[in-house]
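Chemist: Here the protein sequences come in this chain order: A and B. Residue 1 is where the first sequence starts when you use the working numbering, and the numbers rise one by one after that. Residue 1001 is where the second sequence starts when you use the working numbering, and the numbers rise one by one after that.
Read the hints as simulated data drawn from the structure, not as lab findings. Be careful, since some hints might not be right.
Said to hold, decoys possible - Derived EDC-like pairs (lysine to aspartate or glutamate); straight-line CA-CA distance at most 20 Å:
| # | chain 1 | residue 1 | chain 2 | residue 2 |
| --- | --- | --- | --- | --- |
| 1 | A | K68 | A | E15 |
| 2 | A | K114 | A | D85 |
| 3 | B | K1042 | A | E88 |
| 4 | B | K1041 | A | E88 |
| 5 | A | K61 | B | E1104 |
| 6 | B | K1055 | B | E1022 |
| 7 | A | K49 | B | E1104 |
| 8 | B | K1041 | A | D8 |
| 9 | A | K102 | B | E1063 |
| 10 | A | K102 | B | E1104 |
| 11 | B | K1042 | A | D8 |
| 12 | B | K1064 | B | D1088 |
| 13 | A | K102 | B | E1087 |
| 14 | A | K49 | A | E66 |
| 15 | B | K1020 | B | E1052 |
| 16 | A | K102 | B | E1052 |
The chain contents come next:
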Amino acid sequence: AQSVTQPDIHITVSEGASLELRCNYSYGATPYLFWYVQSPGQGLQLLLKYFSGDTLVQGIKGFEAEFKRSQSSFNLRKPSVHWSDAAEYFCAVAPRGAAGNKLTFGGGTRVLVKP
Amino acid sequence: GAVVSQHPSRVICKSGTSVKIECRSLDFQATTMFWYRQFPKKSLMLMATSNEGSKATYEQGVEKDKFLINHASLTLSTLTVTSAHPEDSSFYICSATSGTLRYEQYFGPGTRLTVT
Chain A
1 AQSVTQPDIH ITVSEGASLE LRCNYSYGAT PYLFWYVQSP GQGLQLLLKY
51 FSGDTLVQGI KGFEAEFKRS QSSFNLRKPS VHWSDAAEYF CAVAPRGAAG
101 NKLTFGGGTR VLVKP
Chain B
1001 GAVVSQHPSR VICKSGTSVK IECRSLDFQA TTMFWYRQFP KKSLMLMATS
1051 NEGSKATYEQ GVEKDKFLIN HASLTLSTLT VTSAHPEDSS FYICSATSGT
1101 LRYEQYFGPG TRLTVT
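Given the sequences, and given the hints that come with them, work out the whole structure.
Modeler: See below:
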């Protein structure tokens, strides 16, 4: 069965420092890959997605993610964190093909930003 | 971008009563809507997938008689929690997509349900 693992439940980072959130997946074939951010009182917002092509994907809010097939990973990075980046981050996968819409989420990583 | 709303944002109901949660796509027609449940400090668990005009497809372990889903129009899906119990208290989130938004789901802000 497919699964998504985010090994870090919490990460605390200082404002201005770099951030990397880990995501590993277990799937029969390379799925579609997504990162979402959830802020209190707001819906999940898509940061970026990978379908095919260039394995380094640029997203919104200065985030990027790199797909590594050999490691079954899709880690999210940001070079310099802002206080507004404090939120919950979810990695998600969806199967390719007709059922591509069905998302499986990782457990989430809560990011705390220190001043 | 595509906007999805949910109503109400919070609801408190008594055990044994039913409560309806609405999910609306405001600026696009959603051929498919999804309902998720999120426990505190936990991830989102897909409950069901609903396609406009057809019966919802429930995930394993989700009671379809308890969580009634209706997707009667291209902009509205409803989730009714019937005979609610305290263990049904949770955060319910919907998302919507369509053929023109391939593989990208737009999420509502969620509904906090508390059953007393």
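Chemist: Against this structure, judge whether each hint is valid.
Modeler: Status of each hint after checking the structure:
no.: 1; hint: A:K68 to A:E15; result: violated (28 Å)
no.: 2; hint: A:K114 to A:D85; result: holds (11 Å)
no.: 3; hint: B:K1042 to A:E88; result: holds (10 Å)
no.: 4; hint: B:K1041 to A:E88; result: holds (9 Å)
no.: 5; hint: A:K61 to B:E1104; result: holds (18 Å)
no.: 6; hint: B:K1055 to B:E1022; result: holds (17 Å)
no.: 7; hint: A:K49 to B:E1104; result: holds (9 Å)
no.: 8; hint: B:K1041 to A:D8; result: holds (13 Å)
no.: 9; hint: A:K102 to B:E1063; result: holds (19 Å)
no.: 10; hint: A:K102 to B:E1104; result: holds (10 Å)
no.: 11; hint: B:K1042 to A:D8; result: holds (13 Å)
no.: 12; hint: B:K1064 to B:D1088; result: holds (14 Å)
no.: 13; hint: A:K102 to B:E1087; result: violated (25 Å)
no.: 14; hint: A:K49 to A:E66; result: holds (10 Å)
no.: 15; hint: B:K1020 to B:E1052; result: holds (18 Å)
no.: 16; hint: A:K102 to B:E1052; result: holds (16 Å)
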